[in-house]
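Residue numbers (numbering that gives the first Met the number 0), protein chains in the order written: chain V, 0 to 695; chain C, 0 to 177.
Accuracy of the hints is not assured; some may be wrong.
[What the hints assert, rightly or not] Estimated spans, in silico, between C-beta atoms of each pair:
id, chain 1, residue 1, chain 2, residue 2, range
1, V, R403, C, A124, 34 to 40 Å
2, C, A138, V, R695, 39 to 45 Å
3, V, T133, C, G77, 58 to 64 Å
Rather than coming from a laboratory, the hints here were simulated on the basis of the structure.
From a predicted model like this one, the values you see are computed outputs, not experimental measurements.
No residue lacks a Cβ here, since even glycine has one placed at the ideal position from N, Cα and C.
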Amino acid sequence: MTGTTTGTALGAPAERREGRQKVTGAARYAAEYALPGRTHAWPVPAAVARGRITAVDTSAALALPGVLAVLTHTDAPRLAEPEDGTLAVLQGPAVPHRGWCAALAVAETPEQARAAARAVRVTYDTAPHDAELTEDHPAGYEPEQAGGQPGRAEYGDPVAAFAGAEVRVDVTYRIPPLHNHAMEPHATTAQWDGDRLTLYTSTQGGTTVRSVLARLFRLPEEDVTVVAEHVGGGFGSKGTPRSDVVLAAMAARHTGRPVTLAHPRRSLPTVVGHRAPTVQRLRLGAHPDGRLTALLHEVTTHTSRVKEYVEHAAGVSRVMYATPNLLSSHHVVPLDVPTPSWMRAPGHASGMYALESAVDELAHALGMDPVELRLRNEPEREPVSGRPFSSRHVVECLREGARRFGWAGRDPSPGVRREGPLLIGTGVAAATYPAMVSPSTASAEARPDGTFVVRVNAADIGTGARTVLAQIAADALGVPLDRVRTEVGHTDLPPAPMAADSSGTASWGWAVHEACTRLAAHPEEGPTVRADTTGKADADSPYARHAFGAHFAEAAVDTVTGEIRVRRLLGIFAAGRILNARTAHSQFTGAMIMGLGMALTESSTLDPAFGDFPEADLASYHVPVHADIPDIEADWIDEHDTHLNPMGSKGIGEIGIVGTAAALGNAVHHATGIRFRELPLTPDRILAGLLSERRR
Amino acid sequence: MTSAHEPGQHSEVTLRVNGKPHTLLVDHRRVLLDLLREDLDLTGSKKGCDHGQCGACTVLVDGRRLNSCLLLAVTLDGSEITTVEGLGGDGEEPHPLQRAFLDRDAFQCGYCTPGQLCSAVGMLAEAAAGHPSHVTDPAAPSGRPVALDRPEIRERMSGNLCRCGAYPRIVEAIEDVI
Ligand code: FES
Ligand code: FES
């Protein structure tokens, strides 16, 4: 790779460019475009887990004041068949899961639309459903692909090696379904002007929304405009378009009026995807000196009948540790359930919880320090692929974290540190997340007044894309940061991939860097230079490219109430060059907080009787609140990696969540001496564990 | 379809929002949050849940912080409402807390931010007026201003969710203005 940036803007803690708009309330989100004549749509969720709609009685709804229409599968616009089956809404009578859109009410005001939706009477022909994930489910199968990788990877003779290992751990970890719950609900405002469609939508990728919607409505892409100026979080659930975009566009087409559809909070778990539950069996075999002889990581998870999504939790075992014998496999069961999808660090957050908990169990079985055990199993190359790492500094993260946390001299004995009713413990876990990048386009324009404008249809979902892209541009142009303006979030801008897989900044930034570098070197090509990184960003790399990290946690477990309070959380990351110290810090800590939620508070259930999530709202699904969050420290080590992109950066949006839950779980074991193997670690489970331990 | 308004389902209310009086005919089902967002195009107040569970819609009603999604507009005749758009008053300068949020990077996506800001302003007034919280020392004399250490701030701000996890920075920003 050629060309590195040399200026002073990169890495600086530049303030978010849209910050002022966000703190004054001026920033507009998708539902906030009050177009003239704008109306509101409200979905009617299917009330059965499986079956067919036999009739939709809309008469009572249509008689209500202000109601413009009720769309049903018989009269909604016909779509081209989508690649993503979750978008085929109102196209037929089949109900693949509870909460599937059965009808859509459109009215002048949100109140009228809600009342109309409630007045719609849907009758169903109900079929028996199955929403219960079991490990030996007869419908289970091994998927070909999991997270873009083969569903199964195996070398050596893992089963025999494990059987013959001197020290063995054979444990099973469970994670329930989890919900993204971005604070801004999925929302779209749609408007047709003849056959041209404009969408204001909450998305992680406007270019993707345009191409998907153009296909569905059989339009040329240039006739679809997508605006996503501010996006209230996504965490994976707004990566590809969800049903709100399609339904809003249909309703606007049907009524001839602009329509806003904001999914009610209670619908989000059902309609926007969830982190699929996993049952993960880990078998680790080791020599007494700690070196692994076998690693088997087998994941069972579910998907819906609408499409196959595999929570690729076993993938992490192909990256983390040196072992002569490996099995990493997935087993997926299609059920009559809502469709799972990406949630922050998909695959990795779940997989590393199980793997890093099992490694802690192995350390305990060996009587070895868990940091030391990890150091002993550092691979020289990526285990399955055999490729060298472009950079891998997990050892440095563990050492630096241990130093900062005061790990040295830690008494490994579990259950011995008491403060009155409290038991105190500390834990560690490693983290990894792939450093991905996709082709993007971007343009750079030199203005007569000496300023520059950089344009790319990036999505700023809270990452600070505008700011960091300006920093990349300023350094490539060799000008001060305040001379560069960035435009993002509109399909009139050069097309770009979505903000997902922690690859947004690397992908957009590469194109911005290239456009700016060329403009600086050849001003005569200007005033506007356009770059396209196709062929470069997607070129095969001879390197395995991943970010790494280490998490350290201290927890206090109340033996009377069962409550766990986190006292300290430290994350040290090796994620390439950090492009904006201020926003990077916020992303790392924010993800660690989501990891704390995964460990301690967040829990959902698929009710087998109803086939849906009872914990659908924010009162019953507990995302962490202020009072749950202690002082959190996140930092990084300087990592110079020339095999990534011209900035030398890895993505940072997801790695922060990856090791948090395991570090906390390991701290709880160190505190109590009890190994809890099912998340979240809620007081009821802790108390039950403490009681049964006492009875022994 | 019938007409948008039916008699007996709407009433007139007058309220002051950010210092300006507004008289509106409101649907009895309309909550303050929707009045702000739909009728007045004051979209700074956010709808996160519409159920009083997230705090994104927090505004000040007669100086008290309240979830505007839980307040029927028709009950608020004569009220004085301050939203995030009005925190800074008439001037160009933002409220010191808004400045502190910028300085501390106390947000990412920004969707919870207006609610956090209004909630913090209300919270500071509550503490100054001596309202205790769950973590206030029960032995503290009642009615005196409560000193806001981190546990107090965290406890009192716990009605405002932030899925981006900006909590530590929000607490620091609040400390900056105490
Ligand atoms: S929108 Fe009012 S509390 Fe969530
Ligand atoms: S800043 Fe995104 S929810 Fe708080």
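### Task
Could you tell me which of the numbered hints above are not met by this structure, giving the numbers in increasing order?
none
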